[in-house]
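Trainee: Position 167 of the sequence shown, counting from 1, maps to 166 under our numbering, and the rest follow consecutively.
Any given hint could be a false lead.
Unchecked claim - Subject to a maximum C-alpha distance of 30 Å in a straight line, what follows is the list of computed DSBU-like cross-link-like pairs (lysine-lysine):
#: 1; residue 1: K49; residue 2: K167
#: 2; residue 1: K49; residue 2: K7
#: 3; residue 1: K132; residue 2: K52
#: 4; residue 1: K203; residue 2: K108
#: 5; residue 1: K167; residue 2: K141
#: 6; residue 1: K52; residue 2: K129
#: 7; residue 1: K1; residue 2: K108
#: 8; residue 1: K203; residue 2: K132
#: 9; residue 1: K23; residue 2: K108
#: 10; residue 1: K49; residue 2: K201
#: 11; residue 1: K52; residue 2: K1
#: 12; residue 1: K167; residue 2: K129
#: 13; residue 1: K132; residue 2: K108
#: 14; residue 1: K52; residue 2: K141
#: 15; residue 1: K1; residue 2: K111
#: 16; residue 1: K111; residue 2: K8
#: 17; residue 1: K167; residue 2: K199
#: 18; residue 1: K199; residue 2: K129
#: 19; residue 1: K111; residue 2: K49
Stated by the list, open to error - Quick list of the computed label-pair ranges, beta carbon to beta carbon:
#: 20; residue 1: R114; residue 2: N33; range: 35 to 41 Å
#: 21; residue 1: P112; residue 2: N179; range: 58 to 64 Å
#: 22; residue 1: S27; residue 2: P82; range: 47 to 53 Å
#: 23; residue 1: G156; residue 2: G128; range: 36 to 42 Å
#: 24; residue 1: E68; residue 2: S16; range: 25 to 31 Å
#: 25; residue 1: F71; residue 2: N179; range: 41 to 47 Å
#: 26; residue 1: T142; residue 2: E68; range: 36 to 42 Å
#: 27; residue 1: N147; residue 2: N28; range: 44 to 50 Å
#: 28; residue 1: L168; residue 2: K1; range: 21 to 27 Å
Source of the hints: derived by calculation from the structure; they are not laboratory data.
Don't be surprised by glycine CBs; every beta carbon is placed ideally from N, CA and C.
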Amino acid sequence: MKLGEIIKKYISEHDISVREFARKSNLSNTYISNIVNGSDKNPSLDVLGKIAKAMGLSSQQLFDCLDGEQAFAINQKAIQRIPLYTSISCGTGLFVDDQVEDYIAIPDKYIKPGRDYFANTVSGDSMIGKGIKEGDVLVFEKTNIIENGEIGAFCVGESEAVCKTFRKLPSGIILLESANEAYQPIEVDLTDECFRVIGKYKFKFSIEQ
């Protein structure tokens, strides 16, 4: 069944209005009306969860009631595919190839609309103190702006990129710091045209998961 049909059936069986159902699901009357009349065919999984809760169901139970076409469309809407590039170094620095190795699926609740993201597989142990281990997949938001103390991806040479903590000292000197005492900070030469911020660290997929 379509979601709108399921809501209609629930409303009829429980003798309540669309407005009452909207209040139960913590959604607007207009929005629920749009789903019922088919104007919004594929709501987000977050909305689906609210509707399921109003019916006394789990999100999965309601999802399983949907016809295949709508279930597929909602599931696809909830997943973003972002490019996975060649390994980024969390040690001495490795070449980051422009060629995409693969794409990984990320639930949309972790992704902000209108932002671009990329992923890299960690090589090295210089960020172990931040819980970033070799083999982890790191997800970065593409940006050239980063705040003091944030972890980012940085180009430090024509063919090198590293994952480090950004630190700008009062003197204006920029350091890219490791989270492992075995590695010295990288002092950025501001005259080096190759240096640039390429991304801000958002989250990771751990090899232990």
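Trainee: State for each hint whether it applies.
Mentor: Taking the hints in turn, this is what the structure says about them:
1. As the CA atoms of K49 and K167 are separated by approximately 44 Å, the hinted pair breaks the 30 Å bound.
2. Distance restraint check for K49 and K7: the Cα-Cα separation of roughly 16 Å lies within the 30 Å cut-off, and the hinted pair is therefore satisfied.
3. Our distance criterion of 30 Å between C-alpha atoms is broken by K132 and K52, whose separation comes to about 38 Å.
4. For the hint linking K203 to K108, the alpha-carbon distance of about 14 Å falls within 30 Å, and the restraint holds.
5. Between K167 and K141 the alpha-carbon distance is near 20 Å, which keeps this suggested pair within the 30 Å criterion.
6. Restraint check for K52 and K129: the C-alpha separation of about 37 Å exceeds 30 Å, so the hint is violated.
7. Between K1 and K108 the alpha-carbon distance is near 23 Å, which keeps this suggested pair within the 30 Å criterion.
8. Of the pairs offered as hints, the one joining K203 and K132 holds, with about 10 Å between alpha carbons and a cut-off of 30 Å not exceeded.
9. For the proposed pair K23 and K108, the alpha carbon gap of about 23 Å is at most 30 Å, so the pair holds.
10. Between the alpha carbons of K49 and K201 the distance comes to roughly 27 Å, so the proposed pair stays at or under 30 Å and holds.
11. Between the alpha carbons of K52 and K1 the distance comes to roughly 17 Å, so the proposed pair stays at or under 30 Å and holds.
12. This hinted pair checks out: K167 and K129 have alpha carbons roughly 19 Å apart, not beyond 30 Å.
13. Pair hint K132 plus K108 holds up; C-alpha atoms about 24 Å apart against a cutoff of 30 Å.
14. Taking the CA atoms of K52 and K141, the gap is about 36 Å. The hint is violated against a cut of 30 Å.
15. Between K1 and K111 the CA atoms are separated by roughly 28 Å; this keeps the pair inside 30 Å, and the hint holds.
16. Proposed proximity of K111 and K8 is contradicted: the alpha carbons are some 34 Å apart, above 30 Å.
17. For the hint pairing K167 with K199, the CA-to-CA distance comes to about 15 Å; that is within 30 Å, so the pair holds.
18. For the hint linking K199 to K129, the alpha-carbon distance of about 15 Å falls within 30 Å, and the restraint holds.
19. With a C-alpha separation of about 20 Å, the suggested pair K111 and K49 falls inside the 30 Å cut-off, and the hint holds.
20. Between R114 and N33 the Cβ separation comes to about 27 Å, which falls outside the hinted range of 35 to 41 Å.
21. Take P112 and N179: their Cβ atoms lie about 35 Å apart, and the range 58 to 64 Å is violated.
22. Under the hint 47 to 53 Å, the C-beta atoms of S27 and P82, about 36 Å apart, miss the expected range.
23. At about 24 Å, the CB distance of G156 to G128 disagrees with the hint of 36 to 42 Å.
24. As the Cβ distance of E68 to S16 is approximately 29 Å, the hint placing it in 25 to 31 Å holds.
25. Checked against the given bound of 41 to 47 Å, the beta carbons of F71 and N179, roughly 44 Å apart, stay inside it.
26. For the pair T142 and E68, the supplied restraint of 36 to 42 Å holds, since their beta-carbon distance comes to about 37 Å.
27. The supplied range of 44 to 50 Å is met by N147 and N28, whose beta-carbon atoms lie about 46 Å from each other.
28. In this structure the supplied range 21 to 27 Å is violated for L168 paired with K1, their Cβ-Cβ distance being about 59 Å.
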